[in-house]
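**Student:** Given next are the chains, with one letter for each unit.
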Amino acid sequence: MQAQPNLALISLSKTIESVLNTAIRLDDMQGEAFKALDDNVIELTLTPIESPLYFLITHTTVSVQTTLQGEADAAIQTTLIDFASLPIQRQLPHAKLSGDTDLAQRFIDALCSLDIDWEEQLSHYTGDLIAFKVGHGIRTLLGAQTNAKQTASQTIREYLQFELEAVPVKHQVAHFCEEVQTITDEVDALEKRIQQLQQTQTST
Amino acid sequence: MSQNKPTIDFGFSDVPIEEKVKKVKGVFDSVASNYDIMNDVMSLGVHRIWKRHTIELSGIRPGHVVLDLAGGTGDLTKAFAKRVGKTGRVVLADINESMVRVGRDRLINEGIVGNVDYTIANAEALAFPDNTFDLATIAFGLRNVTNKDKALEELYRVLKPGGQLMILEFSKVTQPLFAKFYDFYSFNILPKMGKLIANDEASYQYLAESIRMHPDQDTLKQMMLTAGFDKAEYLNMSEGIVALHRGWKF
Ligand SMILES: C[S@@+](CC[C@H](N)C(=O)[O-])C[C@H]1O[C@@H](n2cnc3c(N)ncnc32)[C@H](O)[C@@H]1O
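Protein chains in written order, with this note's numbering: chain A, 1 to 204; chain B, 1 to 250.
Check the hints yourself; a few may be wrong.
Derived DEER-like restraints, expressed as beta-carbon distance ranges [unchecked claim]: (1) Asp38(A) <-> Asp230(B): 51 to 61 Å; (2) Gly162(B) <-> Leu80(A): 45 to 55 Å; (3) Ala127(B) <-> Thr22(A): 33 to 43 Å; (4) Gly111(B) <-> Gln89(A): 54 to 64 Å.
If you only want the chain A side, here are some residues facing chain B, beta carbon under 8 Å, derived [said to hold, decoys possible]: (5) Ile10; (6) Gly70; (7) Thr101.
If you are wondering where the hints come from, they were derived from the structure by calculation, not from laboratory data.
The model shown is predicted, which means the values in this text are computed figures rather than measured ones.
By construction, the Cβ of each residue, glycine as well, lies at the ideal position given by its N, Cα and C atoms.
Isolated chain B, as found in the complex (with noise of 0.2 Å):
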């Protein structure tokens, strides 16, 4: 490999900018079908919390337009299209393939149909036109872009005036005696739970170092202020384990 080309972390380590797309691609690819169960195994079931909390705080409404970025198996997906209604629309748009399978099928499964479209997108570079939707998530996908400040300043884009942005993802715990426990957990039992259930250790490795790597809470309040956003604010939850950035456009 070339050693002068740019290099970008993955995780913990440095590659160039072009092979971590791959990579995190092959991270999701690997942990795709297994993502659900994973989920609330590693998190004991709280990022259910985290997201109804994010629902909660979105304010939707029926008829809203909205784009879940990221959106891998479609979890906020279903709420939003429950709660949008037949006169509303949610779009789920993922970088993976398989991620948007695996959430088009669980969601028809489940009895979501009609108000909600599938489609392959990287967020640093969004197909819709300028001021399309009354709001717009990305959960725990914003860490794995490998530019942050332009996937920012496209979210800002499709964004009708007056609408918001929600990023959940995680973040720098505040509480010290928690920061313990939680590198603990994070590198000592969560890349084995990965290995456990979907035979991935590696994966997990890079998940809990992405999430160690990503700009802190006020870092990533001022990439939002710098890529265009008219307010921005952010809201710790579980010690700021996660936190909720939300931007406005008006």
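Okay, chain A solo, but in the shape it has when bound (with noise of 0.2 Å):
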């Protein structure tokens, strides 16, 4: 049994799907290039992550995924660095293609022809890794004893930090705004509740 789910690996997942989609939405010719890839699955390893992501294509849809039942049908093998400088340079210079090699041509010309700032997207995913790392890092080094407590905080930090863009939009939520006020309060006489358990854990 796998631990923790690999939310670091996820989340670019999730990041390079929302980023090429909406670049495929804002583009001239809506993501006329992809459509000659349509029902392909194209893994590309970005290094230095080991493990590959999934595109699966399916009617100018981009799916991002980290696993996939059987082959795909062409893989790309590159490195983070050249695939981020890929919309100024129009290449990737020291990619490996295999198995449909003119299929997983095409998926590089059809990123090329989309206006998107990767390294710009990309960085904001680093920070979130980062501070990922950071907090696993803290929870490594702070040993056994406080990992419990450890543990549940970070869970919590988690949650935020990965889904505070999944909360609801504002408009939805806007006819109930006042009655929030009540549950804010709640929250906060939680959150002290949650303090008050923490220092009996420590101190015990």
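Taking the hints as your guide, dock the two standalone chains into a single complex.
**Tutor:** Below is the structure:
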């Protein structure tokens, strides 16, 4: 059994997926270049990240995921840095293509057709990743005794950090804004209670 | 009500078996229209991570045929429909018509058309032929099913050999301090939020109670093996608030 889900990798796949689909929506050609890739899967390895990402292209929508049943139709191996500079370089000079290499090349061309500042987009992600790693490092350092407490607060922090963008948008919740004050008060009380519990745990 | 009828849990109270089906339906009838907002609020948005993780681990690909059982308002169906493409198919099946209607309207609104079927179905008696699906999911649904063993047998039956079942469900929190926080949240805050948003404290009280009555990680894994699955394993998420069980038919 795996201990914890790999939030960092999932966050990366989610980031790339939403950046790509936003770019396709904003594209003058509505992602026309992806049409030639319909119903295909491209495996992309971005060293130094070891686990590959799979790009599923269906009807000018790109879905990105970390696992795939069976083989991808084509595979591209390159570096994260080369990938990030793709919109400027317009090529992946050291990339290794395998499987259906024509398809792989069409995928690279389709990515080039979009106007994406990967460096900027990925830097947000790297920030997340660093925060994630630092959190993890602290956890390891603090050792087994404080581990439980640390894990609990880490979990809450991870919730917020990774999912802030996912809480309902303002207009959806506007009509019960007043009542939210009640909740806020309750959450304050809850926070105090957690602090108390943490103190009890530290002193035992 | 007759006293010698067999009963089953409805949250923390016992009700006659046939009544649970009706009561569960009542709960989802009353939450259907607010269900999506409520989901975000009650899990602080985290249900999206759990679902995303499920999608990622499914390994789904274009051409796959997928059953999203107890699919409700269609979060997983939507993600799967995008991934299976025009050569694949997703079936959203749910016992509750209101949930299916909300789900179908929402997906059509979002442009998900052409490769999704919507159907009313009870998990305990599926109308699909044997060996139909590459992947079957039941997310936050098994808890509400009266005869879980029967539902697991049905899910096994409709999977193709090599197919995978994924059960995403609330489970047993493994970390003691977190368990305290979670109890407080579930029994004090959650029903109040249910009241504010859906004006329905009772339904959310039921949700909190039914979570506690659901089999824990190892029990459910054993149930899957007993139902016929050739391999079963689970993965805890968020300290076991939720567990993802996966079963394979070989
Ligand atoms: C909490 S919702 C989950 C919906 C969706 N899967 C999600 O994750 O957002 C539970 C769903 O299970 C459905 N359900 C309850 N009992 C069922 C049964 N016996 N067979 C099929 N669906 C059932 C309900 O109607 C409801 O839509």
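**Student:** With reference to the structure, classify each hint as holding or not holding.
**Tutor:** To see whether the hints hold, each was checked on the structure:
1. Asp38(A) <-> Asp230(B): 51 to 61 Å: The hint (51 to 61 Å, Cβ to Cβ) is violated, given that Asp38(A) and Asp230(B) are roughly 34 Å apart.
2. Gly162(B) <-> Leu80(A): 45 to 55 Å: Once the Cβ atoms are compared, 34 Å apart, the range 45 to 55 Å for Leu80(A) and Gly162(B) is violated.
3. Ala127(B) <-> Thr22(A): 33 to 43 Å: holds, 40 Å
4. Gly111(B) <-> Gln89(A): 54 to 64 Å: Roughly 34 Å apart at Cβ, these two residues miss the hinted range, so it is violated.
5. Ile10: With a closest approach of 6 Å, the Ile10(A) hint holds.
6. Gly70: holds, 6 Å
7. Thr101: With a minimum Cβ separation of about 20 Å from chain B (threshold 8 Å), the hint on Thr101(A) is violated.
Hints 1, 2, 4 and 7 from the list above are not met by this structure, while the remaining hints are.
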